[in-house]
Amino acid sequence: MSGIKDRVAIIGMGCSKFGERWDSSSSDLLIEASYEAFEDAGIESKDVQAAWLGTVGSFRTGQPLAAALKLDYIPITRVENACATATDAFRNACYAVAAGIYDIVLAVGVEKLKDSGFSGLAVAEPAGADVNPPVPPPSQFALAATRYFHQYDIPYEEGKMTLAKIASKNHHNGTMSPKAHFQREVSAEQVANAPMVAWPLGLFDCCGVSDGAAAAIITTPEIAKTFRDDYILVKGIGLSVGAFGVLRNDWDFTHFPESVRASQAAYQEAGISDPRQEIDLAMVHDCFTITELIIYEDLGFSPRGRASEDVAAGTFSLEGELPVNTDGGLKCFGHPIGASGIRMIYEVYKQLQGKAEGRQLKDPTLGLTHNLGGRPGSFTCSVALFGTRD
Amino acid sequence: MAGITAYGAYVPRYRLGAETDGWDSPGQRSIANFDEDSVSMAVAAGIDCLKGRDRDAIDGLLFASTTPPYAEKQCASIIAMALDLRRDIFTADITDVLRAGTTALKSALDSVAAGSAKQVLVVASDNRQGAPKGEAERNSGDGAVAFIVSDEEIIAEQAGAYTITENMMDTWRSAGDRFVRSWEDRFTVEEGLERIMGDAVSGFLEKEGLSVKDVSKLALYSPDARRHGQLARHLGFQPEQVQDPLFGRIGNTGAAFPLMLLAAALEEGSPDQLLLTVSYGDGSDVLGFRTTANIGQGASGLGVSGYLDSGQVLDSYETYAKWRDVWLTDSSSRRPQAQSPSVTALWRESDQNIKFHGAVCNQCGYVQYPPQQVCVECQARDDSTPIRLSDKLGTIFTYSLDYLAGTVDTPLAVVVVDFEPGGRVLCMMTDRETSEVKIGLQVEMSFRKLRVVNGIHNYYWKAVPLRGGG
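Chains G and S, in that order, are what the protein sequence lines are. Counting in this note's numbering, the first sequence runs from 148 upward without gaps. Counting in this note's numbering, the second sequence runs from 762 upward without gaps.
Wrong hints could be hidden among the right ones.
As the list claims (entries may be wrong) - A short list of chain S residues far from chain G (calculated; beta carbon distances all over 10 angstroms):
1) I850
2) D871
3) A892
4) K894
5) D1005
6) Y1078
7) A1106
8) E1110
9) C1125
10) Q1133
11) A1141
12) F1158
13) D1163
14) Y1164
15) D1179
To be verified - With a straight-line Cα cutoff of 25 angstroms, these simulated SDA-like cross-link-like pairs (lysine to any residue) come out:
16) K1199(S) - Q196(G)
17) K1199(S) - N340(G)
18) K1153(S) - W398(G)
19) K1199(S) - V278(G)
20) K1153(S) - M343(G)
21) K1199(S) - A339(G)
22) K1116(S) - P281(G)
23) K894(S) - A878(S)
24) K1116(S) - G275(G)
25) K1083(S) - G452(G)
26) K1083(S) - P281(G)
27) K1153(S) - F391(G)
28) K894(S) - S977(S)
29) K1199(S) - Y299(G)
30) K261(G) - Y1164(S)
31) K1153(S) - V278(G)
32) K1199(S) - R423(G)
33) K1153(S) - G452(G)
34) K834(S) - V282(G)
35) K879(S) - D820(S)
36) K509(G) - R423(G)
37) K879(S) - M762(S)
38) K1199(S) - R451(G)
39) K1083(S) - V278(G)
40) K1153(S) - R423(G)
FYI, nobody ran anything at the bench for these hints, they're computed from the structure. These numbers come from a predicted model, not from an experiment. Ideal Cβ placement from N, Cα and C applies to all residues, glycine included.
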């Protein structure tokens, strides 16, 4: 196995404005993100030789991408893999380039959530016996929060405040993200005192629901050199799918094996042995505050049961040792499911290029993205690593 | 000879009572939760009755109710499957009349006496709805009762039966009606209850060569407390002969009512007593039973008294009105429309969903729910043995309380339950006060109605706090 490290490069990226895009269709969002990526790369749509379209529910096939961009009968594959959809579309595009099949490809993810008339995630399930509890995502992750507090003997008020600091940090970062849905400060006290959604998670423990799209142009490092000097290299990609957590009588609900396995695979590909020291920034799947807390531990940033200490120390703030969700994360961008993974890559790409405006970190060289799709006990997790050229 | 071998009962946890804001009656009545109906309560009473007994010994199941959820489609078959009874049994729904409970019990006694069955389970269950704040609502209660009728290990031997059938339009509910209707009570008492039940009881006594004073306890139907006393006096019984009708505690539980009083009489009974149960509705059934020396052996569950004593008065009538769907709310208006369950999938998954079977791997012993073709622990394929989890105790491993899930009963308690023999399920919790939901709480499983879509009543199991203090 030769792995993906340094075998593909990103030469252009685009990201639509995220938010309640009442006046934009899914196709409009695809065009907004894709054309920014084309312009950033200095290519035209006719230069794209193959494309991967990530969406969970906005489209069923790859055809709408061809229709929107007027692509020239090229191969297009629609990818769906829960909240890791966009990263998986990106992953498949990378592999096709690494395999030498294509020179220049497009990976784009989109989701239009705000046409449903419903303020949560409205994704139709196939017909079944329909006896499983109607458990919306906040409750699914609340199960993890309840157990986390219990397992580590964290008093409720203290646990709530730890989670609140995560939300508040991300909101602070979001104030410097012009493309974010939410761009205002929210204090930890506001988060902790917000109305309850799914005990112990309150309104501000939950990420937003938004429309959006994001796109990446992928090529080989050799070709990338002909386009720009500050192309970004893919250093590793891990994908882990698990679906039997609840069948395991001994699973603790306080760690997500899918995150552990996907990150280990990516670290191994990239040759990382001490993620906390080596990684300069991470964009992780903060669908809920508890998720981000557990991710700190699953990705090896914090020891088990001690992520709260790092939160208290500000380790993951913009000025901290390992800034996490520098653009505001899902908390501020919302979670248009099929777009989120590439939106995260967009932030890492901009940070590594030194183009992240007010939220720019000092000379980062290695960034991580992480998506977690499903629910505790049954996840699709993707972890990807990106670096600057030598 | 046929008789009663075992009995059990079920009274829902919740009650309307003096402490219920907006409820203007001093007494209590039992009320089914929003996810309970005659079928789910029948299953609960069946479980109470079958506790510690061999379910494979049951040869038939009769379900009696005036409130079956289906107009066409048998309910006894749902109950039999939820109770994990054998497939080669006979079943029937006996419905449409308040007398249905005693009719079912008599049919079971006749089957056993005739030798066509060894053990028959009779379950009577009702949740009749009166119009909001009306007399029928005030006097009714919800509940269920179950008996095993057999010719062995009898605790109360059948001692005669007498029936009058008479077409009588005094209480009725037409197809499509939600609420029970009645004619003027002076007429229905004089020409209905008093005359017909009087003729039935005197007919019974005459036929059996007995007199009123031979009767130890009378389990007597009546629509309400006042008329219960009147009726007993009219029939010539002394107060000490009359089984407490539990008005002001449970209420008139319809087809189940005289049989719940019979079960209560058995609970309090001693050997060699003559018990009479008298029902009413388009006539009257009178069934006599003589208790035996085994009288103490019939109950292994909570019974009427156990369930009666583990009640909780509801805080407000508004909550009850929401449960009964007579208080319209917009809780579902902003959620995606529920789609019909796939009947095919329901059928395919009935062992796991209705019987609530998990599986024990034959290779490594790992217990898993739902059953898996490939073992989650050792990956052995198609090599496991079913394990019934519906009657196993469990413990809450973790939980959440969801305020936006769109349930009538906010917050929705979602719990992960670990069963004593192993196996874990993520399910809803019901009949709970929010403050009760805690990690480590011991729970049992209860068969409940999840929702009705496309006319399909979709049942599944939910966790509930242990009734009767465990």
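- Task: May I ask which of the numbered hints given earlier this structure violates, with the numbers listed in increasing order?
- Result: 7, 8, 10, 12, 13, 14, 15, 16, 20, 23, 25, 28, 32, 33, 34, 40
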